[in-house]
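Trainee: Got chain A sorted already, so can you dock chain B onto it with the hints?
Chains as they are written, first to last, in the working numbering: chain A, 1 to 279; chain B, 280 to 575.
A portion of the hints provided could be inaccurate.
To be verified - The list that follows gives simulated cross-link-like pairs (lysine-lysine, DSSO-like), each with its CA atoms no further than 27 Å apart:
hint, chain 1, residue 1, chain 2, residue 2
1, B, 410, A, 93
2, B, 338, B, 489
3, B, 293, A, 213
4, B, 516, B, 506
5, A, 6, B, 338
6, B, 293, A, 143
7, A, 213, B, 506
8, A, 6, A, 48
9, A, 213, A, 143
10, A, 33, A, 48
11, B, 449, A, 6
12, A, 21, A, 3
To be verified - Restraint-style ranges between C-beta atoms, simulated for each label pair:
hint, chain 1, residue 1, chain 2, residue 2, range
13, B, 451, A, 39, 29 to 37 Å
14, A, 18, B, 521, 41 to 49 Å
15, B, 317, A, 229, 39 to 47 Å
16, B, 344, A, 265, 54 to 62 Å
Stated by the list, open to error - Some chain A residues close to chain B (C-beta under 8 Å, calculated; not the full set):
hint, residue
17, 45
18, 65
19, 86
20, 90
21, 91
22, 110
23, 111
24, 148
25, 150
26, 153
27, 155
In short, the hints are calculated from the structure, not lab data. Note that the Cβ used here is the ideal one computed from N, Cα and C, for glycine as well.
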Amino acid sequence: MNKREKILGDIGEDRIDSDMKRIFDQLDTYQIKAPSMEATNQLLENLKPIFREETAGTHQRRRFRDILEDTRSQRGIPVLLQLVGAQTALMSKGFITLTMALVVVGLLLANLFESSSSKFLITMSPFLGLFTLFYEYRARLYKVEEMEGTCRYSPVQVAAARLLVVLGYNVVLCTAATVMITSSFALVIGHLMMNWLAPLLLILGIALFTSLKLGIAGGCMTAGVVWAAQITLMDGASFLHLLLPGLTNGVTDAVSMVLGIGLLYVTLRIWQHSERWCT
Amino acid sequence: MLTLELADLSKKYKVDSWVVNHVSATMKAGLFTLIGPNGAGKTTLLRLLAGIVEPTSGKVLFNRQDIHQSYSQYKQRLGYMPQDFDFYPDMTGREFLHYMSRLKGIPSSLYPLRVEEVAQSVGVAPFLELKIGEWSAGRRRRLGIAQALLNDPDILILDEPMAGLDPEEKVFFANYFFRLSRERMVIVSSTILTDFITFTDGVLMIVKGKICFDGRIQQFLDLVDGKVWVAPVSAEKRHIIAGIWAVSGIENLDANCQIRIVSDAMPDIVGVRAAAPSIADAYTYLVRQNDTSPKE
Numbered sequence: 001m002n003k004r005e006k007i008l009g010d011i012g013e014d015r016i017d018s019d020m021k022r023i024f025d026q027l028d029t030y031q032i033k034a035p036s037m038e039a040t041n042q043l044l045e046n047l048k049p050i051f052r053e054e055t056a057g058t059h060q061r062r063r064f065r066d067i068l069e070d071t072r073s074q075r076g077i078p079v080l081l082q083l084v085g086a087q088t089a090l091m092s093k094g095f096i097t098l099t100m101a102l103v104v105v106g107l108l109l110a111n112l113f114e115s116s117s118s119k120f121l122i123t124m125s126p127f128l129g130l131f132t133l134f135y136e137y138r139a140r141l142y143k144v145e146e147m148e149g150t151c152r153y154s155p156v157q158v159a160a161a162r163l164l165v166v167l168g169y170n171v172v173l174c175t176a177a178t179v180m181i182t183s184s185f186a187l188v189i190g191h192l193m194m195n196w197l198a199p200l201l202l203i204l205g206i207a208l209f210t211s212l213k214l215g216i217a218g219g220c221m222t223a224g225v226v227w228a229a230q231i232t233l234m235d236g237a238s239f240l241h242l243l244l245p246g247l248t249n250g251v252t253d254a255v256s257m258v259l260g261i262g263l264l265y266v267t268l269r270i271w272q273h274s275e276r277w278c279t
Numbered sequence: 280m281l282t283l284e285l286a287d288l289s290k291k292y293k294v295d296s297w298v299v300n301h302v303s304a305t306m307k308a309g310l311f312t313l314i315g316p317n318g319a320g321k322t323t324l325l326r327l328l329a330g331i332v333e334p335t336s337g338k339v340l341f342n343r344q345d346i347h348q349s350y351s352q353y354k355q356r357l358g359y360m361p362q363d364f365d366f367y368p369d370m371t372g373r374e375f376l377h378y379m380s381r382l383k384g385i386p387s388s389l390y391p392l393r394v395e396e397v398a399q400s401v402g403v404a405p406f407l408e409l410k411i412g413e414w415s416a417g418r419r420r421r422l423g424i425a426q427a428l429l430n431d432p433d434i435l436i437l438d439e440p441m442a443g444l445d446p447e448e449k450v451f452f453a454n455y456f457f458r459l460s461r462e463r464m465v466i467v468s469s470t471i472l473t474d475f476i477t478f479t480d481g482v483l484m485i486v487k488g489k490i491c492f493d494g495r496i497q498q499f500l501d502l503v504d505g506k507v508w509v510a511p512v513s514a515e516k517r518h519i520i521a522g523i524w525a526v527s528g529i530e531n532l533d534a535n536c537q538i539r540i541v542s543d544a545m546p547d548i549v550g551v552r553a554a555a556p557s558i559a560d561a562y563t564y565l566v567r568q569n570d571t572s573p574k575e
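Chain A on its own, in the form it takes in the complex (with noise of 0.2 Å):
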């Protein structure tokens, strides 16, 4: 390949045109010397000051991943709850508000019409889980699933925070509802909490455990399912009483936590093991 043709690969053409000839022709008749030392000595010394704005830049960037570098050797919060306030995060004030004029307004027209605030809550408690598990775990949903696989933490060890996220809301709105309805301390303690909480827990391990296979949708959607056939079909009675007859409600409720914090940590065991967010 002659000049001319290395000089028209580099600027994209492909053919010599009359005025590209032109110009070849000027070039050809210019005559320039090499440069000399002193020459090239001058041009370094004219470049030195960019080179050194360069590595200067340089140094301050690489400095900021020393800096990180030395934070991470310092002891600090544990991991998992610099996790769950990073999760705490994904909670928008928007849903925050929309749930709790939720339970606010269905407690109101539970009492108004019905006279049975407290049916009301046992019965959307589940729900209000499912709707808070789905929220807190839509990062497939948004697609950003994979950037936070490249983050430093793993996604157990994610799911896991996002898991407590979505416990302790639960557990501090559904209280807060259970101390708006209730006079006696006693009775919210012994009783109601532990009412709602049971089939909490057990909807949240259906929801998660079934989102292994189902997807985040399909789990809590299988959940929810399962929750709406217990209160239309059982009349308030729990399906572990088919399969359990005879025991009492708060034998079942103990029967369902523990049911549901077994899924749930089968759950988080499972991801353990899958230390990728794809395969």
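Mentor: Below, chain B without anything else, positioned relative to chain A:
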């Protein structure tokens, strides 16, 4: 020195469908461009490099260590932007970058300033207070690049970073990636061949899951030196010619057109002449050579 080695790396999703097929290559600090036709395996290869998916066989070695043996350490030095991504639309840009900083383990004493710095560098700082749901596609892509840079990574993997950007933005980012690559490894995939021509230190081309080129841009061009031809043809004939030869470009000239052909032998067309090779010529040549062989 940073090195990322792909050691006989393979990935298949179905029993007999190799998406990445026994790929071996070594990359050092610099800017590397991964090119190839749609469905060639570029995204899967980048996901393997990012550790998002595990290989069916083979290894990815970072500084001679298998990334899956110390994945959490590897992730601390990694920045990754997938091809297909989005954001929580109800978050503002700043909230999202703060959230990602915390996920990357950057302490609260450092990330507010870091977010500001990175947002400035990719040009999204003026929009940080707006909900991401209101952002344009180009700005979202910039935000995707920003989140990948938060932890000041040694390895930056960007899948189609130029998609959705306007020409001015593409020039800006080509320069920006080049600057970043002076002190780290930047691996970008692209289907738009002109994006990184001037800037790239190495080109990896993948066709049907196999690396068919691994080298510098000049070596890429040299592949087709003396094999590029241009010929004037009528508009009706160009389809016939495209069925016979590997056509790398067509330029319309009034009623006729000028067609670029990549061929070892000079095509038997009236008026044909040799031309200087371009990136598109080399790309077409390699696709034609490798796409005809059956997939293993």
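Trainee: Determine for every hint whether it applies to the structure shown.
Mentor: Verification of the supplied hints:
Under the criterion of a C-alpha separation no larger than 27 Å, the hint pairing residue 410 of chain B with residue 93 of chain A is consistent with the structure, at around 13 Å. For the proposed pair residue 338 of chain B and residue 489 of chain B, the alpha carbon gap of about 15 Å is at most 27 Å, so the pair holds. Pair hint residue 293 of chain B plus residue 213 of chain A holds up; C-alpha atoms about 18 Å apart against a cutoff of 27 Å. At most 27 Å may separate the alpha-carbon atoms for a hinted pair to count; residue 516 of chain B and residue 506 of chain B meet this at roughly 21 Å.
About 40 Å separates the Cα atoms of residue 6 of chain A and residue 338 of chain B, which puts this hinted pair outside 27 Å; it is violated. Distance check on the hinted pair: residue 293 of chain B and residue 143 of chain A sit about 23 Å apart at the alpha-carbon level, within 27 Å; holds. Distance check on the hinted pair: residue 213 of chain A and residue 506 of chain B sit about 53 Å apart at the alpha-carbon level, beyond 27 Å; violated. Of the supplied pair hints, the one linking residue 6 of chain A and residue 48 of chain A is violated, its CA atoms being roughly 31 Å apart against a limit of 27 Å.
A C-alpha spacing of about 18 Å is found between residue 213 of chain A and residue 143 of chain A, which places the hinted pair at or below 27 Å, so the restraint holds. Simply put, residue 33 of chain A and residue 48 of chain A have alpha-carbon atoms about 24 Å apart, close enough for the 27 Å limit, and the pair holds. For a cut-off of 27 Å, the pair hint linking residue 449 of chain B to residue 6 of chain A stands: about 26 Å separates their Cα positions. Our distance criterion of 27 Å between C-alpha atoms is met by residue 21 of chain A and residue 3 of chain A, whose separation comes to about 13 Å.
Distance hint for residue 451 of chain B and residue 39 of chain A: a CB-CB separation of about 34 Å, consistent with the stated range 29 to 37 Å. Our hint of 41 to 49 Å for residue 18 of chain A and residue 521 of chain B is violated, since their Cβ atoms are close to 31 Å apart. Distance hint check for residue 317 of chain B and residue 229 of chain A: the Cβ-Cβ separation is about 45 Å, which falls inside the suggested range of 39 to 47 Å. In this structure the hint that residue 344 of chain B and residue 265 of chain A lie 54 to 62 Å apart at CB is violated, the actual value being about 33 Å.
Annotation: interface hint on residue 45 of chain A violated; nearest CB of chain B at approximately 22 Å, more than 8 Å. With a cut of 8 Å, the hint placing residue 65 of chain A at the interface with chain B holds, because the nearest CB-to-CB distance is about 4 Å. For residue 86 of chain A, the shortest C-beta to C-beta distance to chain B is roughly 4 Å, which falls under 8 Å, so the interface hint holds. Against a cut-off of 8 Å between C-beta atoms, the interface hint on residue 90 of chain A holds, since the closest Cβ of chain B lies about 7 Å away.
Interface restraint check for residue 91 of chain A: the shortest CB-CB distance to chain B comes to about 10 Å, outside 8 Å, so the restraint is violated. Restraint check, residue 110 of chain A versus chain B: the minimum CB separation of about 29 Å is more than 8 Å; hint violated. A distance limit of 8 Å between C-beta atoms decides the matter here; for residue 111 of chain A the minimum to chain B is near 32 Å, and the interface restraint is violated. For residue 148 of chain A, the suggested interface contact is upheld, since its CB lies about 6 Å from the closest CB of chain B, less than 8 Å.
Look at residue 150 of chain A: its Cβ gets to within about 4 Å of chain B, closer than 8 Å, so that hint holds up. The interface hint given for residue 153 of chain A is met, as the beta carbon of that residue sits about 7 Å from the closest beta carbon of chain B, less than 8 Å. A hinted interface residue such as residue 155 of chain A counts as satisfied when its beta carbon comes closer than 8 Å to some beta carbon of chain B; here the least separation is about 11 Å, so the hint is violated.
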